[in-house]
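Visitor: Given next are the chains, with one letter for each unit.
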Amino acid sequence: MSPTDWKTIAWNGVRFAVPGDWEPGRIGRRHLLLESEPGPVMEIKWGTVKGRFSRRRQLRELSRRIGRKRSTFQERPLSGEWRTSLSGFEAAGFQWDAENERAMGVLLYCAACRTASLIQFFDWPGTQNIERNAGRVLASFRDHGTDQRVAWALYDIVAFLPDHYTLERHRFEAGRFVLEFKGRRCRLTLFRWAPAEVLLQKQRLFEFAETFAGGAGLEFRMLTIAGHPGVEGRDPAPTGWMACLNTRLGLASFRRLRLWHVAGRNRILGVRLEGRRPIDDPEMCTVSDGYGMDHEKAFPTAAEPG
Amino acid sequence: MGWITKKPSPPQLSRGEALGCIPVKSRHVREQRLESGEVLVFYPVTVRPWMAKLARWLGDRDSPPRTAKLQLDHIGSAVWAMLDGQTPLRRIAAAFAEDHRLERKEAEVAVTQFIRELGRRGLIGLR
Numbered sequence: 027m028s029p030t031d032w033k034t035i036a037w038n039g040v041r042f043a044v045p046g047d048w049e050p051g052r053i054g055r056r057h058l059l060l061e062s063e064p065g066p067v068m069e070i071k072w073g074t075v076k077g078r079f080s081r082r083r084q085l086r087e088l089s090r091r092i093g094r095k096r097s098t099f100q101e102r103p104l105s106g107e108w109r110t111s112l113s114g115f116e117a118a119g120f121q122w123d124a125e126n127e128r129a130m131g132v133l134l135y136c137a138a139c140r141t142a143s144l145i146q147f148f149d150w151p152g153t154q155n156i157e158r159n160a161g162r163v164l165a166s167f168r169d170h171g172t173d174q175r176v177a178w179a180l181y182d183i184v185a186f187l188p189d190h191y192t193l194e195r196h197r198f199e200a201g202r203f204v205l206e207f208k209g210r211r212c213r214l215t216l217f218r219w220a221p222a223e224v225l226l227q228k229q230r231l232f233e234f235a236e237t238f239a240g241g242a243g244l245e246f247r248m249l250t251i252a253g254h255p256g257v258e259g260r261d262p263a264p265t266g267w268m269a270c271l272n273t274r275l276g277l278a279s280f281r282r283l284r285l286w287h288v289a290g291r292n293r294i295l296g297v298r299l300e301g302r303r304p305i306d307d308p309e310m311c312t313v314s315d316g317y318g319m320d321h322e323k324a325f326p327t328a329a330e331p332g
Numbered sequence: 021m022g023w024i025t026k027k028p029s030p031p032q033l034s035r036g037e038a039l040g041c042i043p044v045k046s047r048h049v050r051e052q053r054l055e056s057g058e059v060l061v062f063y064p065v066t067v068r069p070w071m072a073k074l075a076r077w078l079g080d081r082d083s084p085p086r087t088a089k090l091q092l093d094h095i096g097s098a099v100w101a102m103l104d105g106q107t108p109l110r111r112i113a114a115a116f117a118e119d120h121r122l123e124r125k126e127a128e129v130a131v132t133q134f135i136r137e138l139g140r141r142g143l144i145g146l147r
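Just so you know, the sequences run in chain order A and B. If you read the first sequence in my numbering, its first letter stands for residue 27, the second for the next number, and so on. If you read the second sequence in my numbering, its first letter stands for residue 21, the second for the next number, and so on.
Honestly, the hints are just simulated from the structure, not real lab data. Note that the coordinates shown come from a computational prediction; the quantities given were computed from them, not determined experimentally. Here a beta-carbon is modelled for each residue, glycine too, at the ideal position from N, C-alpha and C. Please note that the accuracy of each hint is not assured.
[Said to hold, decoys possible] Computed footprint of chain A on chain B; a stretch qualifies when at least three of its residues, placed anywhere within it, have a C-beta under 8 Å from a C-beta of chain A: (1) 34 to 45; (2) 112 to 122; (3) 125 to 136.
In isolation and in its complexed conformation, chain A is listed as follows (with noise of 0.2 Å):
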């Protein structure tokens, strides 16, 4: 992706365009830092406001915690384009300047999800355009959603899950990338491998699938996922009254899997699925219907501001 080129960043609520070469640095739950080859261009923390939201107490918290590393910290007025581009909340700009470098950054609040968010942009020397790729930056952001579906899109991967899975772990990792979510019956798994013609050159993907998808002991078919070559997975139906009786008071466990194999993009991507049911077809399904590669899920375009 050149830099000229604009990509959608989602992560749990959040999502704005950013500049192509700019890339997740640091990764939290409620956190991105994104880089660009000259370091770090962009922070954004953001949080669930319990209560009346106070900007005048957070700007003072902020404005405290940024003049303890001996920077000065004024507040700004928001210039036309981003008064015009953050309608939708209630903002309040600032920045601060320190020995070689200075930030400016909005502090944002939205009355609709209670979300507050605070961007801030870096002003590196060498990087470039920091101010005009801040308004298209913030123009873009968005906190909530408008279809009970959460987005996740970091890399060049993208997912639209029920809002009921909440994220517990992620890792990414050069070639593996796992996304861990606890839902309200079952946990799920988004995974990512890459490059896909070396894993599979050893193994076909079922085989993959047992030893680097937790699939032990599944029961596998061939299946096609998204128009893409993959395998899904389960565990044996329950056979014996032990096992029944297990199963109907919760004390069983049951594995759902799928993996394909993305070959124009060299990827395997994987859902798993497990809970103390058996996971049904229409919950697989609304999972891995709604994982896939950057190119082949676009995002709603009429979303919401704010």
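Got chain A sorted already, so can you dock chain B onto it with the hints?
Guide: The following block gives chain B in isolation, referenced to the frame of chain A:
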């Protein structure tokens, strides 16, 4: 909610500068390409000073330096083949990304981790 707890400090060596470094293989390293296409690297192992002293004390004065072996997998062998002492990390990562259709950042992380591991074992240096 906790806001910004600390500002990111300016990196000692920026990512751009780090990617501009050129990895160079050690002169003491020997390599052998296996039939499978994988590379087997032989490299001298430096003994800790107290171990060397102990060995001398025990009468082991003339034994040749110990050599260790490292077998690289297909991906590692492909990256190893690109270490010609002239190509900077950025170009190696870009070629690796293109060969395996990986994201640029992911390829950079994979290549730099691999290079760091080779450096830790003394197989390469950076200039």
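Visitor: None of the hints should be skipped; say for each whether it holds.
Guide: Each hint, compared with the structure:
1. 34 to 45: That given contact holds, which follows from 4 residues of the stretch 34 to 45 of chain B lying within Cβ reach (below 8 Å) of chain A.
2. 112 to 122: With 3 residues close enough to chain A, the hint holds.
3. 125 to 136: With 6 residues close enough to chain A, the hint holds.
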